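Generate the whole structure from the sequences, applying the supplied hints.
What follows is the residue order along each chain.
Number of protein chains: 2
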Amino acid sequence: MERKTGLILALDVTDRLEAVEISEKVAGYVDAIKIGYPLVLSTGMDMISQLSKFAPIIADFKVADIPNTNRLICEQVFKAGADAVIVQGFTGHDSLEAAVKLAKEENKDIYVVTEMSHPGALDFMQQVGEGIAKMAADAKASGVVAPATRPERVAEIRKIIGNDLSIISPGVGAQGGSASDVIKAGADWVIVGRAIYQAEDPAMAAKKLVDEMKEFI
Amino acid sequence: MERKTGLILALDVTDRLEAVEISEKVAGYVDAIKIGYPLVLSTGMDMISQLSKFAPIIADFKVADIPNTNRLICEQVFKAGADAVIVQGFTGHDSLEAAVKLAKEENKDIYVVTEMSHPGALDFMQQVGEGIAKMAADAKASGVVAPATRPERVAEIRKIIGNDLSIISPGVGAQGGSASDVIKAGADWVIVGRAIYQAEDPAMAAKKLVDEMKEFI
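The listed protein sequences derive, respectively, from chains A and B.
So in numbering that gives the first Met the number 0, the last one in the first sequence is 216, and the numbering has no gaps at all.
So in numbering that gives the first Met the number 0, the last one in the second sequence is 216, and the numbering has no gaps at all.
Simulated from the structure, these hints should not be mistaken for lab results.
It is possible that part of the hints are untrue.
The list treats identical chains as one, so a pair stands whether inside a single copy or across any two.
[Stated by the list, open to error] With a cut-off of at most 25 Å between alpha-carbon atoms, the simulated SDA-like pairs for lysine to any residue come out as follows: (1) K78 <-> V19; (2) K183 <-> N67; (3) K107 <-> G43; (4) K3 <-> G185; (5) K183 <-> E20; (6) K3 <-> K213; (7) K78 <-> G175; (8) K139 <-> E214; (9) K3 <-> A154; (10) K133 <-> P118; (11) K158 <-> P201.
Remember, predicted model here, so these are calculated numbers, not experimental data.
Have a look at this one:
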């Protein structure tokens, strides 16, 4: 994924028309559009190819299965036109490696969730976040997903993974993270959802974020 | 889910016609058919309703997201005609509760993965398997998924969750677990894939397993 603006749109809508309209408006300001299962299951896998006309698509499917199933899922997603898949890391090294191997063959990207920021993430995930980040580096994934709500954690994760992997970072905007703070802390991309797609003028909201980050990119 | 035979088919194929043909053949011997994303992404969500004519459908999507996204995914899956969804427990109590709450409203089932049996499950999952089983019981999920390859673990998990939750147990057949051993250890259903759908006569293979378990059900 090429970094031009440092901005990724989290397109958390479930309606096809709305998804297309927003993507069209912000296409000039984002390096990628991240979509999830709620949109794809309610519209169909062709939603991926339709949106890929506007920007590279990151399928945030948080894939969390055995190696062979992880591979089969990523195969379908890449075939549909996505450029990257987000996978969970807690299912271990072989599940991750199966996804990364396929992605490398197809010149695509795998991003690994290291930690999440909802309350339940404290139950089991928080204590293994750094181990997952290290595993992602060992497996030579393209990058990790680390929450922008805690820039100090982004800086920690950066130390663990080094500079070969990217950090994409959700939580900017509605969830309170600041785009420039997260980039300064070591993230390569910020992922922004509601603050763009619920804005009266999504393009203007995206442009404002891009301008804010410009000097730190 | 009602237990008649104790057998669940893991329909791990990706072709629509093959999926329908196998389901038709074994419909009389299974209490449910478990399908995953590889099949649904390659055919479409209508695959669920098509197969639900043969048996209740368990969507093994290993849902592993934040509470709101978990709810949105389960909504789509139930709407498509599935009777149950398998979720990961790793993402914590609130993610699980969001899925269970919706399932109860719609009179559907949520099964929680407590541990998996691929090598990578030792990296992060094994040490929290019992904690996840306890969380599943606290959240009043319908049941848990625990591997048949280790009947002694099934017995441990049964002690933790008590008798209000079901145990559905994959790993019988090609992976080496014995159906009757797992039922004796405390599982309510065994989940069998290749040993049925790759058999020359899938109906006969299913019948044989049903007969083997009959006296322990």
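Requested in this report: Could you figure out if K183 and E20 sit no more than 25 Å apart (CA to CA) within one copy, between two copies, both or neither?
Outcome: Neither, since 31 Å and 56 Å both go past 25 Å.
**Report entry** Within, between, both or neither: K183, N67 at alpha-carbon 25 Å
**Finding:** neither (38 Å within a copy, 29 Å between copies)
Report task. Give the relationship of K3 and K213 under a CA distance limit of 25 Å: within one copy only, between copies only, both, or neither. Result -> Answer is within; shortest intra-copy Cα gap is 9 Å, inter-copy 63 Å.
Query - Alpha-carbon proximity context of K158 and P201, limit 25 Å - result: This pair counts as neither: shortest intra-copy Cα distance 34 Å, inter-copy 53 Å.
Query - Alpha-carbon proximity context of K3 and A154, limit 25 Å - result: within (21 Å within a copy, 55 Å between copies)
Report task. Give the relationship of K3 and G185 under a CA distance limit of 25 Å: within one copy only, between copies only, both, or neither. Result -> within (16 Å within a copy, 56 Å between copies)
Query - Alpha-carbon proximity context of K78 and V19, limit 25 Å - result: Cα proximity of K78 and V19: in one copy and across copies (20 Å, 23 Å).
Query - Identical-chain pair category, K139 with E214, by Cα at 25 Å - result: neither (29 Å within a copy, 51 Å between copies)
**Report entry** Within, between, both or neither, where K107 and G43 count as close if Cα-Cα is 25 Å or less
**Finding:** both (21 Å within a copy, 23 Å between copies)
Query - Intra/inter-copy verdict for K78 and G175 if alpha-carbon distance must be at most 25 Å - result: Cα proximity of K78 and G175: none, with 35 Å in one copy and 33 Å across.
**Report entry** Within, between, both or neither, where K133 and P118 count as close if Cα-Cα is 25 Å or less
**Finding:** both (23 Å within a copy, 18 Å between copies)
Hint compliance for this structure: hints 2, 5, 7, 8, 11 are not met, and every other hint is.
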